[in-house]
Amino acid sequence: MFFASDNWAGVHPDISANLSRHADGVATAYGDGDLDRAVYRRFNEIFEREVQVFFAATGTAANALSMAALNRIGGIALCHSEAHMNVDEFGAMGFYTGGARMAPVPGPLGRINPEALDRAIKRYSQDLAPAGQPMAVTITQATEVGTVYSVDDVKAIAEVSRRHKLPLHMDGARFANAIAATGVSPAEMTWKSGVDLISFGGTKNGCWMADAVVILNPDVGKDLRLQRQRAGQTFSKARFISAQFEAYFTDDLWLLMAGHANQMAAHLAETIEDAPTGRLAWLPQANEVFAILNRETADKLQAAGAKFYEWGVPQGFDGHLGDNEAIYRFVASFATTTQEIDRLGQLLG
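Using the numbering used here, you'd call the opening residue of the sequence shown number 1306 and step up by one each time.
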């Protein structure tokens, strides 16, 4: 009953096998080998245009490098107040950019409100130059509370960003789950809706360690190759990240794994909702489920071996918490089984 995070899950056998297949022999280093170039072409196909791909060790590094690519003097990146980049990355963005800052923007259940974004950007007028200058907008897809921006949602954020001449970044650590949930194409979810670059994550979705910054708009990120080198994120044996992505994209494995995780989350949500001792905090849209439990029930589940985390109350939560209740996060992965969920349901019964 491992629901703490999709980072706890292992590796899909096809990805592991492909790493082994490429382990022998020699290949050009630093991302210039035949396999690397084939994977770059595959990214082009997935996003339906020519893109630039820069591998990174983690999603945090991909996010921070993305902001470094967009940085300005006194830079301000606008994000949701509960975004991973704002609350969980220990100032990595400021470190990689040499001092840029995050400006939090409100919005219900993890999604930026476009009107609030417009007001937040306007606060940094030319008359208040010492306060800093906006450099980018970043959104998280899927969000930190398991919700998903629709294509129309992304377009609404992009419209505000474009009006203020700001590039739009997407933190796509769980991008595959969002695509599997909505059924739209990666191109439609990103550049066709106004996204300029994306932190593309595979680590949470069945890879060993595979994240990347994907530049969708050739007008941004012109120095990213140099910034990645300075940040120590240029891999000498990049073929082993390419090997993961090669298997990841073969026969749409990435979407199959994400779809399974989403389906398991839906089953988990139904199980919690049907239990007499739990209820949903809000409806899940991807692979994260947030439940309201009393603390004794949570302690009982954890004592029986279930792994999950207590979570803070997000903006836009319109439910009710009793005196001894809290919100808990459960995350499904490509490796989650119905048996795990059914066992949890028995304990909740």
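Hints are not guaranteed to be accurate.
As the list claims (entries may be wrong) - In silico lysine-lysine, DSS-like type, Cα no more than 25 Å apart, as pairs:
| no. | residue 1 | residue 2 |
| --- | --- | --- |
| 1 | Lys1497 | Lys1527 |
| 2 | Lys1527 | Lys1542 |
| 3 | Lys1427 | Lys1460 |
| 4 | Lys1460 | Lys1497 |
| 5 | Lys1460 | Lys1470 |
| 6 | Lys1527 | Lys1470 |
| 7 | Lys1497 | Lys1470 |
| 8 | Lys1542 | Lys1497 |
Just so you know, the hints here were simulated from the structure itself, not pulled from any lab data.
Predicted model only: the values in this text are computed from it and were never measured.
Do the hints match the structure? See the list:
1. Lys1497 <-> Lys1527: Status holds; Cα separation ~21 Å.
2. Lys1527 <-> Lys1542: holds, 23 Å
3. Lys1427 <-> Lys1460: Holds. Lysine 1427 to lysine 1460 sits at ~19 Å (cutoff 25 Å).
4. Lys1460 <-> Lys1497: Between lysine 1460 and lysine 1497 the Cα gap is close to 9 Å, so the pair holds against 25 Å.
5. Lys1460 <-> Lys1470: holds, 15 Å
6. Lys1527 <-> Lys1470: Given pair lysine 1527, lysine 1470 holds - Cα atoms ~17 Å apart, limit 25 Å.
7. Lys1497 <-> Lys1470: holds, 17 Å
8. Lys1542 <-> Lys1497: Cα-Cα ~33 Å, so violated.
Going through the hint list in order, the structure does not satisfy hint 8, though it satisfies all others.
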